[in-house]
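Chains as they are written, first to last, in the working numbering: chain A, 952 to 1021; chain B, 818 to 1028; chain C, 20 to 187.
One or more hints might be untrue.
What the hints assert, rightly or not - In the DSSO-like style, the derived pairs of lysine-lysine whose C-alpha atoms are separated by at most 30 angstroms in a straight line are:
1. K105/C <-> K993/B
2. K955/A <-> K105/C
3. K850/B <-> K977/A
4. K981/A <-> K928/B
5. K1013/A <-> K834/B
6. K850/B <-> K26/C
7. K893/B <-> K1004/A
8. K993/B <-> K25/C
9. K1007/B <-> K834/B
10. K26/C <-> K834/B
11. K26/C <-> K928/B
12. K993/B <-> K1013/A
13. K975/B <-> K993/B
14. K975/B <-> K981/A
15. K834/B <-> K888/B
16. K1004/A <-> K1015/A
17. K977/A <-> K1004/A
18. K1007/B <-> K956/A
19. K834/B <-> K928/B
What the hints assert, rightly or not - Under 10 angstroms between C-beta atoms, here's a sample of chain B residues computed to sit facing chain A:
20. A822
21. G894
22. L896
23. S897
24. G898
25. V917
26. T918
27. Q926
28. H931
29. E972
30. H1009
Unchecked claim - Now the in silico label distances, taken between C-beta atoms and shown as ranges:
31. A98/C <-> E1016/B: 48 to 58 angstroms
32. L1005/A <-> K1007/B: 20 to 30 angstroms
33. I895/B <-> E27/C: 54 to 64 angstroms
34. Q143/C <-> A950/B: 33 to 43 angstroms
It should be emphasised that the hints constitute simulated quantities derived from the structure, not laboratory data. Every residue gets a Cβ at the ideal spot worked out from N, C-alpha and C, and that includes glycine.
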Amino acid sequence: MAAKKTMTLNLTDAEMDALERLSADKDLTKTAILRQALRLYQLVEARLVRGEKLYFENDATKEKAELMLV
Amino acid sequence: MTATASTVHLLEMATGKLVEADLLDQVEERHLKDWDTQWRPLVAATVRRLVTTNAPMSQWPQSFHWNWRQKIEDMKGILSGASFCIECEGVTQGMMALNVTSARTRLAQQKGQHLVYVEYLEAAPWNRPEHVAQPRFRGIGSILMYAAVARSQAEGFKGRVGLHALPQSHVFYADKCGMTDMGPDPNVQKLHYFEMTVEQAEGFVDGKERS
Amino acid sequence: MKFEIKKEWCLAAARREGDVEVGAGSLAFDPTPEIEDAAVQGLPTEAMQLAFGKLVNFLRRQRSWSIEQLARQANVDAAELLLIEKEARHQTEPHTVFQLAQVFHLNFKGLQQLAGLAVVRNHQVVTEAIRFAAHSDSIEKLSPDQARSVEEFVAALNRLADGEKASQ
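The task is simple: from the sequences and hints, build the whole structure.
Here it is as structure tokens:
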């Protein structure tokens, strides 16, 4: 993989709590969580730019609810 | 960013000897050119042969319509995408495209965890008995799966891998890679979804014998 | 990303792998076996391929695309498109047929049969193809009649390839 660069990140208590909880739930380091978040953000943006929409689907009812991204 | 090469070995069937090859961590233009100029004509010849013998479509090479150029183009600049390929004697012998973000595990014992999803994996047609009477090299699928598992471990996913196997490939993923066959997925053309657990991944890279 | 894969591992893996298929990824068509109807014998193959070339030509002109533009849209070779449109005896590559089916939103099975890449199992496909080819012409712009003819043929091809009876 390419050479890495270091960044310092300031988070609020709530943000850090959320990050630590996700890290525990997903059994990933906090860095890995943020890396995945960035990738997902980029993936979503790329599809939105193409004119696509992002939906959640209820597995039981198959009802779709659009995730509103302005 | 150019690809990094790691030395691997393929089994050359004509001689029974191991030959040196490169496992690259990125599919580049020269690999796509090989796909265009060397893979596709051989696949097309197979399909024509099957048509003239009135073979049903279930016998057609099941990846004949895959467009590697489009796939790699779609992945350009996208962080969640990764590609690998194997080069031997200056020719592309196999390719693989991964998604390291969008998929989650489905097996009950590891449900909802991150994994590396194999979007496409293919060996060059001269390495496959459906195209040639005497395949040239063996080991391509295994080495590419090793790369997928290693990438999963590097991401912190502990080797978890998921994929939808082509119907002709169930034996490879179930018996040779030791993955769990979760059966047909109605959302993906009823292809069987296979998943590799942390333990199965450890067994695979350790080269443990399977029954 | 650098790997250290031992020679012994590669040898054992290659022996274990054998000659089994290793492909993973999505399909374009239903892998279930086709219904074993008797194939239509004595097909006017050239007429079918002529109809295929005319169909590609008409659908391209309907969109006001040049051959180069279609080649870009479908991600296929422009030289092959020229042969498809001009040369009735040209054998089209399966991948090209698939890409054209995608870009024109056509039934892939039907287009394969027309292009001579799949066994024709329904005689109506042949009839519709010959009728279409016989009525087509090669002028720059599609007349309303030609446009209608294209639409009717495409609808018939899609229906027949999916096994339904053609409507009267």
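Checked hints:
1. K105/C <-> K993/B: Judged against 30 angstroms, a Cα distance of about 49 angstroms means the pair is violated.
2. K955/A <-> K105/C: 54 angstroms, violated
3. K850/B <-> K977/A: Violated, at about 40 angstroms.
4. K981/A <-> K928/B: 20 angstroms, holds
5. K1013/A <-> K834/B: 54 angstroms, violated
6. K850/B <-> K26/C: 29 angstroms, holds
7. K893/B <-> K1004/A: Roughly 21 angstroms separates the two Cα atoms, so the pair holds.
8. K993/B <-> K25/C: The hint holds at about 18 angstroms.
9. K1007/B <-> K834/B: Status violated; Cα separation ~39 angstroms.
10. K26/C <-> K834/B: 11 angstroms, holds
11. K26/C <-> K928/B: 35 angstroms, violated
12. K993/B <-> K1013/A: Roughly 36 angstroms separates the two Cα atoms, so the pair is violated.
13. K975/B <-> K993/B: Holds: K975/B and K993/B sit about 20 angstroms apart, inside 30 angstroms.
14. K975/B <-> K981/A: Since the Cα atoms of K975/B and K981/A sit roughly 15 angstroms apart, the hinted pair holds (cutoff 30 angstroms).
15. K834/B <-> K888/B: 33 angstroms, violated
16. K1004/A <-> K1015/A: Given that 30 angstroms is the threshold and the Cα spacing comes to 11 angstroms, the pair holds.
17. K977/A <-> K1004/A: 26 angstroms, holds
18. K1007/B <-> K956/A: Given pair K1007/B, K956/A is violated - Cα atoms ~43 angstroms apart, limit 30 angstroms.
19. K834/B <-> K928/B: At roughly 42 angstroms apart (the allowed maximum being 30 angstroms), K928/B and K834/B break the hint.
20. A822: 14 angstroms, violated
21. G894: 8 angstroms, holds
22. L896: OK, holds: L896/B within 10 angstroms of chain A, min 4 angstroms.
23. S897: Result: holds, 4 angstroms to nearest chain A Cβ.
24. G898: 9 angstroms, holds
25. V917: Since the shortest Cβ distance to chain A is 7 angstroms, the answer is holds.
26. T918: 4 angstroms, holds
27. Q926: 13 angstroms, violated
28. H931: Since chain A brings a Cβ to about 6 angstroms from H931/B, closer than 10 angstroms, the hint holds.
29. E972: 7 angstroms, holds
30. H1009: This hint is violated: H1009/B lies away from chain A, its Cβ roughly 20 angstroms from the closest one there, beyond 10 angstroms.
31. A98/C <-> E1016/B: 48 to 58 angstroms: 52 angstroms, holds
32. L1005/A <-> K1007/B: 20 to 30 angstroms: Check passed, 26 angstroms falls within 20 to 30 angstroms.
33. I895/B <-> E27/C: 54 to 64 angstroms: About 36 angstroms separates the Cβ atoms of I895/B and E27/C, which means 54 to 64 angstroms is violated.
34. Q143/C <-> A950/B: 33 to 43 angstroms: 39 angstroms, holds
The structure shown violates the earlier hints numbered 1, 2, 3, 5, 9, 11, 12, 15, 18, 19, 20, 27, 30, 33.
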